[in-house]
Amino acid sequence: MEKNIAIEADNLSFAYNGETVINNISFQVPEGSLTTIIGPNGSGKTTLLKLLIGIIKSQTGSVRIFGKKPREVRAAIGYVPQRFQFDKTFPITVREFFRLTCNTCSADRVDEQLHNFGIQRVLNAMLGELSGGQFQRVLVARAVLHDPKILFFDEPVSGIDVEGEQNFYKLVSHLHKARKLTVVLVSHELHIVPALADQVICINRSLICSGPPAAALTPEVIKKLYGEDITAYQHSCLT
Amino acid sequence: MLDLVELFALPFMRRAFLAGALLGVVLPYLGVFTTLRRMSFFGDGIAHASLAGVAIGIAAGLQPFGTAIVVGVLFGIGIFVLEKKTRLSSDAIIGTIFTSGLALGVVILSFERGYQPELISFLFGNILTIGSSDIAIIGALTLVILGFLIANHRAIALTVFDAETAWLSGVRTSLLEFIFYVILSLAVVLGVKLLGIILVSALLIIPPTTAKLFSRSLRAFIVTSIVLGELAIFLGLVFSFIFDLPSGAAIILTSALIFTAALLLIYLKRLFRGGVHR
Numbered sequence: 001m002e003k004n005i006a007i008e009a010d011n012l013s014f015a016y017n018g019e020t021v022i023n024n025i026s027f028q029v030p031e032g033s034l035t036t037i038i039g040p041n042g043s044g045k046t047t048l049l050k051l052l053i054g055i056i057k058s059q060t061g062s063v064r065i066f067g068k069k070p071r072e073v074r075a076a077i078g079y080v081p082q083r084f085q086f087d088k089t090f091p092i093t094v095r096e097f098f099r100l101t102c103n104t105c106s107a108d109r110v111d112e113q114l115h116n117f118g119i120q121r122v123l124n125a126m127l128g129e130l131s132g133g134q135f136q137r138v139l140v141a142r143a144v145l146h147d148p149k150i151l152f153f154d155e156p157v158s159g160i161d162v163e164g165e166q167n168f169y170k171l172v173s174h175l176h177k178a179r180k181l182t183v184v185l186v187s188h189e190l191h192i193v194p195a196l197a198d199q200v201i202c203i204n205r206s207l208i209c210s211g212p213p214a215a216a217l218t219p220e221v222i223k224k225l226y227g228e229d230i231t232a233y234q235h236s237c238l239t
Numbered sequence: 240m241l242d243l244v245e246l247f248a249l250p251f252m253r254r255a256f257l258a259g260a261l262l263g264v265v266l267p268y269l270g271v272f273t274t275l276r277r278m279s280f281f282g283d284g285i286a287h288a289s290l291a292g293v294a295i296g297i298a299a300g301l302q303p304f305g306t307a308i309v310v311g312v313l314f315g316i317g318i319f320v321l322e323k324k325t326r327l328s329s330d331a332i333i334g335t336i337f338t339s340g341l342a343l344g345v346v347i348l349s350f351e352r353g354y355q356p357e358l359i360s361f362l363f364g365n366i367l368t369i370g371s372s373d374i375a376i377i378g379a380l381t382l383v384i385l386g387f388l389i390a391n392h393r394a395i396a397l398t399v400f401d402a403e404t405a406w407l408s409g410v411r412t413s414l415l416e417f418i419f420y421v422i423l424s425l426a427v428v429l430g431v432k433l434l435g436i437i438l439v440s441a442l443l444i445i446p447p448t449t450a451k452l453f454s455r456s457l458r459a460f461i462v463t464s465i466v467l468g469e470l471a472i473f474l475g476l477v478f479s480f481i482f483d484l485p486s487g488a489a490i491i492l493t494s495a496l497i498f499t500a501a502l503l504l505i506y507l508k509r510l511f512r513g514g515v516h517r
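Quick note, the sequences are listed as chains C and S, same order. With the working numbering applied, the first sequence closes on residue 239, and no number is skipped along the way. With the working numbering applied, the second sequence closes on residue 517, and no number is skipped along the way.
Bound conformation, chain S alone (with noise of 0.2 Å):
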């Protein structure tokens, strides 16, 4: 049987356990407002498109993992800027910066010789790969982007939710929402380690999709949502230790598990008391 004094006396278990907690209450958080402004798929375009960055990290020889945070920022901050001077819609912009960061990756990879394990890595999650100054960036910097969540917290929502009111109410709406994207930019791949590029935008979606099922309000919404993402991070990790599975694969797999068991209690509910619950 798993020993989970065990598996925390493991250093790499510690810090995936670690990166999962913190990672485990900002995406979902976010994930909150981009379901409510159907932005779902801006995090698996940033996440993909942030193979470039990857990319060059490995080409030129430094921290991938860093030049894919940057990377990542500058396409996030792309599609804001296509989305505010363009026509097109929201899903074509990320689409296209989507796939061309995707394929500018494949592109400089193509010429590195050998198997790249860290590629790998970046596409699945993995666990052993999360080192100590990972760690330091991911503390470091879902720190600011929850800091930054909870004082703007008011303006966020109502801006994601009324943008004209809140300019009304003197929320500097285009500014906020400017932010908004950068730090979302920086939340999903500073996920992509754990979780990888593949997987990492579940995170945003599926707690906060679960969380719904189930919520009343705002508030509700909210904690749920993160006390789900927490959840799977905590399980998944568990799994993919025991089973040996990459990391990533067992988060979302448990994170979609707790959303069919959420459904299926529903229908049970439903079921038992005779009525709709909506």
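Next comes chain C alone, as it looks inside the complex (with noise of 0.2 Å):
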């Protein structure tokens, strides 16, 4: 049976400064797929993963998610940045910055939320002293806080170590099966591909490739890719 479509992006562009960042790309995704953008660094991804949610708006071409445009479904989408950035000083606890998100969720909501993600020691802390991982955590408990039908992550196990990464991507597979979500991850590692995506786009300000990463990620794919010779191997903590 064919799959409802999720997100359609059609011949999205977009500059910055006169600068062309994207590049005419179209592709879809399909509802309850996990699907990977991956490139180079300064190849456009995060541009791009912020297009499809609304974040910034595309000169040209258009995109839907379940039929409408983004800022339409906006409580549909969950999203956990690339950097968040904050001042690690400033007093705020991770119980407020939940409710400062979703102040519609009930106190047993959000203590729900950290114990399935098994943060629930750190309500009351300062979100600036949680260690990488636990805010790693906090920050994904947060996106899937109101329920989202689709979560965005933009490289999120930038500045995280090994054994954090591989608990993560553990995570989103696991969110992604148990929750039946849509899940759309922007990494510039070419080693989770294979075994976490069903499909994968690749993009170089323009579209590379896209579908299954067997069939997607060619070598000469990966060549056009990256410049060089590389090979993707499959992530041990996902097999």
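Hints in this document: simulated from the structure, not taken from any laboratory. Please read all numbers here as calculations on a predicted model, not as lab measurements. For each residue, glycine too, the CB sits at the ideal point set by N, CA and C. Take the hints with a grain of salt, since some may be wrong.
Cross-link-like lysine-lysine pairs, in silico, DSSO-like; alpha carbons within 27 Å at most [unchecked claim]:
#, chain 1, residue 1, chain 2, residue 2
1, S, K508, C, K88
2, C, K69, S, K324
3, C, K177, C, K3
4, C, K88, S, K451
5, S, K323, C, K69
6, C, K69, C, K177
7, C, K3, C, K180
8, C, K149, C, K3
9, C, K57, S, K324
10, C, K3, C, K68
11, C, K69, C, K180
12, C, K68, C, K57
13, S, K323, C, K57
14, C, K88, S, K323
15, C, K3, C, K69
16, C, K149, C, K177
Take a look, some chain C residues computed to stay more than 10 Å from chain S by CB distance [said to hold, decoys possible]:
#, residue
17, E8
18, N23
19, N24
20, N41
21, V162
22, E163
23, H176
Here are some chain C residues the structure puts well away from chain S; computed CB gaps all over 10 Å [to be verified]:
#, residue
24, S106
25, D108
26, N116
27, K149
28, L171
29, A178
30, R179
31, H188
32, Q199
33, L225
Both chains are sitting in their own frames, so use the hints and assemble them into the complex.
Here you go:
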């Protein structure tokens, strides 16, 4: 049976200060899939993700999420940004951080969510005092607090150690399967793609490939993307 | 010994305490968000630029407080627009507006002959110059600002902390940011009669900076900032009356003393406990 389309990007283009960052990109993301967007540094991955979510607007082309404009389905979107930068000395607890994002969520809902993510002990801790791994879990837990249908991650393991990285990808995989979420994950790490993703979208300002990883990530495509011979090894933690 | 009842019996002191009580809530509350956004310089810029408004008021024979409010808000909107529409850094924009407004004020006032007592009051704050009409303006506008802050607390805090998530949560972030710039400009200029153009922004900065030393939650941060702001204003006005000091300087020095005492307290606490809090 053919899957419904969760995201449809049609001829997306975006330029910043006269420089083309995204050039005429089109693709579809099936509902319930886990899609990774890969490409080298500066290839426009983060810009593409922000165009999909609607945080920035494309100069040409359009994005539809479940057939609607992104701003019309904001409640269906969960988002974990690339680098959540804030003043680490700013006094705000994890509980307050959650309540700011979802003021309709009950205290029980927040507690349950933190429990599910194994971080219930940090509820009253200051956000700036969390370890990198704890903070990453808090960001993911917050992103799914309102039960979104699509979850976007932008290079989520930047600055996380290897163990934290492996745990993180297990968490993403679990969320995808257990909650039947459509997941879009931006990464520059090629090694996670084969085991994690159903679909891969490769870009370097324009679309280089799209489709199931085994078919799409040919040596020629990888060379075109990264300019050298690289092999996509399977990540041990996901097997 | 000072008789507080006697102090409150004086109409000008009652007006000063009332204006101070209102500003002591609004400025530190806004200060929590401005410190988070690292835009403390904004308050300084608007206050100094409002001198142009004071000068226009004096030169045109209008109420200088009213013209300062209008000009201050216009400068605030100018900073917002330039930040959004250009690639210039915020501090460069504020620095340009700040000095331009100040220079404009000086040029306009240079055409006025003789001593300008009103100008000195605006520069350093003077409780004697706060009239009933000023109280009405300060009272009405601070209550509007406070109402807006309370009604939109979550949206403002989230926008300041994480604008992308705020947008995804349905907050109209651009509009909210614009209104925030307007009310911040307004609040700063409302404080110039009591605190003076030169010092008003300190009430945005020092109470939240002091409160941050002790606070471990956003709620505690806001409440402590307001309490410390009120304390500085109350004690500062009393000192201003007793020692015949400019009110703005007395309030800000009191606030700085509280900050110093807080630092000392933390140091002593660490010394006796042998640990480090933060």
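Structure-based check of each hint:
no., hint, result
1, K508/S with K88/C, "holds (22 Å)"
2, K69/C with K324/S, "holds (25 Å)"
3, K177/C with K3/C, "holds (16 Å)"
4, K88/C with K451/S, "holds (12 Å)"
5, K323/S with K69/C, "holds (24 Å)"
6, K69/C with K177/C, "holds (26 Å)"
7, K3/C with K180/C, "holds (13 Å)"
8, K149/C with K3/C, "holds (15 Å)"
9, K57/C with K324/S, "holds (16 Å)"
10, K3/C with K68/C, "holds (17 Å)"
11, K69/C with K180/C, "holds (22 Å)"
12, K68/C with K57/C, "holds (15 Å)"
13, K323/S with K57/C, "holds (15 Å)"
14, K88/C with K323/S, "holds (26 Å)"
15, K3/C with K69/C, "holds (20 Å)"
16, K149/C with K177/C, "holds (12 Å)"
17, E8, "holds (19 Å)"
18, N23, "holds (22 Å)"
19, N24, "holds (25 Å)"
20, N41, "holds (21 Å)"
21, V162, "holds (28 Å)"
22, E163, "holds (27 Å)"
23, H176, "holds (20 Å)"
24, S106, "holds (15 Å)"
25, D108, "holds (19 Å)"
26, N116, "holds (20 Å)"
27, K149, "holds (13 Å)"
28, L171, "holds (19 Å)"
29, A178, "holds (22 Å)"
30, R179, "holds (18 Å)"
31, H188, "holds (20 Å)"
32, Q199, "holds (23 Å)"
33, L225, "holds (27 Å)"
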